[in-house]
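Colleague: Spelled out, the chains give:
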Amino acid sequence: MKRAYKKRKRRYKVNYTMLIGLIAVIVMAIVCIVGLVMMLNLGGKDSDEESSSQTQQQTQAQSTEAPSQVDIKNLPDQPQDYTCFNNSAFVGDSRFAGLLNNTQLLEPDFYCEVGVNVSTICKQNVIKLEDGTKVNLATAIAQGSYDKVFIQLGINEVGWDNIDYFQQCYEEIINTIKVKQPTATVYAISIIPVTELKDAEGTYVNNVNVARFNERIKAASDKCGAVYLDATPALCGDAKVLPIGASNDGVHLNKANCCKLLNFLKVSTQ
Amino acid sequence: MKRLIILCMMVIMCGCFLVGCGGDSGKKEVDVNTLAEELKNGITYDDDLVDTTTEMMCRMFNVSKDYIAEQKTYNNSGASAELISVIKCKSKEAAQIVKPALIAYAAERKQMYASYNPTEANKLGNAVIEVIDGNYVVICVSGNAAKAKEIISK
Chain A
1 MKRAYKKRKR RYKVNYTMLI GLIAVIVMAI VCIVGLVMML NLGGKDSDEE SSSQTQQQTQ
61 AQSTEAPSQV DIKNLPDQPQ DYTCFNNSAF VGDSRFAGLL NNTQLLEPDF YCEVGVNVST
121 ICKQNVIKLE DGTKVNLATA IAQGSYDKVF IQLGINEVGW DNIDYFQQCY EEIINTIKVK
181 QPTATVYAIS IIPVTELKDA EGTYVNNVNV ARFNERIKAA SDKCGAVYLD ATPALCGDAK
241 VLPIGASNDG VHLNKANCCK LLNFLKVSTQ
Chain B
1001 MKRLIILCMM VIMCGCFLVG CGGDSGKKEV DVNTLAEELK NGITYDDDLV DTTTEMMCRM
1061 FNVSKDYIAE QKTYNNSGAS AELISVIKCK SKEAAQIVKP ALIAYAAERK QMYASYNPTE
1121 ANKLGNAVIE VIDGNYVVIC VSGNAAKAKE IISK
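Residue numbers (our numbering), protein chains in the order written: chain A, 1 to 270; chain B, 1001 to 1154.
Honestly, the hints are just simulated from the structure, not real lab data. A hint or two may mislead.
[As the list claims (entries may be wrong)] Calculated cross-link-like contacts (lysine-lysine; reagent style BS3-like; alpha-carbon spacing at most 25 Å):
1) A/LYS128 with B/LYS1099
2) B/LYS1149 with A/LYS134
3) A/LYS255 with A/LYS128
4) B/LYS1090 with A/LYS134
5) A/LYS123 with A/LYS148
[Unchecked claim] These stretches of chain A come out as covered by chain B in the derived footprint (C-beta under 8 Å, 3 or more residues):
6) 109 to 115
7) 250 to 257
[Claimed, not checked] Facing chain B, from chain A, some residues (calculated, C-beta under 8 Å):
8) ASN15
9) LEU19
10) GLY35
11) ASN101
12) THR133
13) ASN136
14) THR139
15) ASP222
16) GLY225
The beta carbon of each residue, even a glycine, is placed where N, CA and C say it ideally should be.
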């Protein structure tokens, strides 16, 4: 009787240990399965979000591709389809360098550098190529074959006394590009105004000077066969002042307004 | 006796698991996104820093994508020279190639800014460029190099 009882007791204890081990294995298995399901769900959500944002972008691209109906003063400030610039070159100063940083267009060629002006860009080796070498504009613009070349220069020069020299240099830039890229359309973009706060600082970087120098850019464009693009309405609306929220320092455009500028260039050059 | 043996085996197994899961092997695991965020949020910047793709980063620093395992870069909007880049290289040898490229980048930008904007040139002169744990390279161009070093050293 006692022996039978002891046997039953021993059997009971062995089963209890196995039960604990079994529960532990089941719990671990449940945790692994839950984790796997969560990972799969996250992966599914990411691809869904990506495809829906692509659809959204395509829809937006379609909605702005009606040139005759486009309201220049109310362009979107989100990224669009920019494949139209794949065969373009952008020549400019830090404002165009900022455009590259903000929009990260890798297909077009950017020949831009912080601090360059209409004189140094032609006369000095200030443009850095992809291989790291520094060249002047004539060498840089000969790197590829472009159907459009955009110029954005002037904000560093609006304090110059000799505005005739500015126009002369600008004409040299247009002519240099036309010689190296005879089949390309050259677009001279107006100097974008600065914000009211920047304007009020009382430095040479003010909107009166911006307007004066823009007249000379237009004159240089007309003389040399470039197309003058006035970006002011697209970025400033009816005011000739850059909105406060469009720039962190009053001069360089933030990402949204870089997109707006690109959208303006897109609809203006179709 | 059997119970004692099973109990001892369980204790030994638990001990093995704890040793395996815990403990510092001496290798610091750096999360590029976390460190970049800490540098972005822990320092006040004058510029709006923009999330930058690997292709763009490689172009900026003139390094091959073949060296890069993972990266997180915040670049300036053109208004300043400010920059954060945390790069996990594929190997320690790759890091020894990437680091000089970042040093060259900072030096070249400093030269560009020297006459144009001395404040930004100064930031580039004080750029923090460090290698962490052999294959992580970090660059931070900001107005507070001391704070950047403090964040990176954590």
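Colleague: With reference to the structure, classify each hint as holding or not holding.
Modeller: To see whether the hints hold, each was checked on the structure:
1. Under the criterion of a C-alpha separation no larger than 25 Å, the hint pairing A/LYS128 with B/LYS1099 is consistent with the structure, at around 20 Å.
2. At most 25 Å may separate the alpha-carbon atoms for a hinted pair to count; B/LYS1149 and A/LYS134 exceed this at roughly 32 Å.
3. Only pairs whose Cα atoms come within 25 Å are accepted, and A/LYS255 paired with A/LYS128 is accepted, the gap being roughly 23 Å.
4. For the given pair, B/LYS1090 sits about 30 Å from A/LYS134 by alpha-carbon distance, which is inconsistent with the 25 Å threshold.
5. Between the alpha carbons of A/LYS123 and A/LYS148 the distance comes to roughly 23 Å, so the proposed pair stays at or under 25 Å and holds.
6. For a cut-off of 8 Å, the count of residues in the segment 109 to 115 of chain A with a CB near a CB of chain B stands at 3, and the three-residue condition holds.
7. With 5 residues having a beta carbon nearer than 8 Å to a beta carbon of chain B, the segment 250 to 257 of chain A meets the requirement of three or more and the stated coverage holds.
8. Interface hint status for A/ASN15: violated, as the beta-carbon distance to the closest one in chain B is roughly 13 Å, over 8 Å.
9. Interface restraint check for A/LEU19: the shortest CB-CB distance to chain B comes to about 13 Å, outside 8 Å, so the restraint is violated.
10. Hint status for A/GLY35: violated, given a least beta-carbon distance of 16 Å to chain B, over 8 Å.
11. The interface hint given for A/ASN101 is met, as the beta carbon of that residue sits about 5 Å from the closest beta carbon of chain B, less than 8 Å.
12. The interface hint given for A/THR133 is violated, since its Cβ lies 11 Å from the closest Cβ of chain B, which is over the 8 Å cut-off.
13. Below 8 Å, beta-carbon pairs count as interface contacts, and A/ASN136 has none with chain B, the closest being about 15 Å; its hint is therefore violated.
14. Of the supplied interface hints, the one on A/THR139 is violated, with its beta-carbon coming no nearer than about 18 Å to a beta-carbon of chain B, more than 8 Å.
15. Given the 8 Å rule on beta carbons, the hint for A/ASP222 is violated: about 29 Å separates it from the nearest Cβ of chain B.
16. For A/GLY225, the shortest C-beta to C-beta distance to chain B is roughly 29 Å, which exceeds 8 Å, and the interface hint is violated.
Checked against the numbered hints given earlier, the structure breaks hints 2, 4, 8, 9, 10, 12, 13, 14, 15 and 16 and satisfies all the rest.
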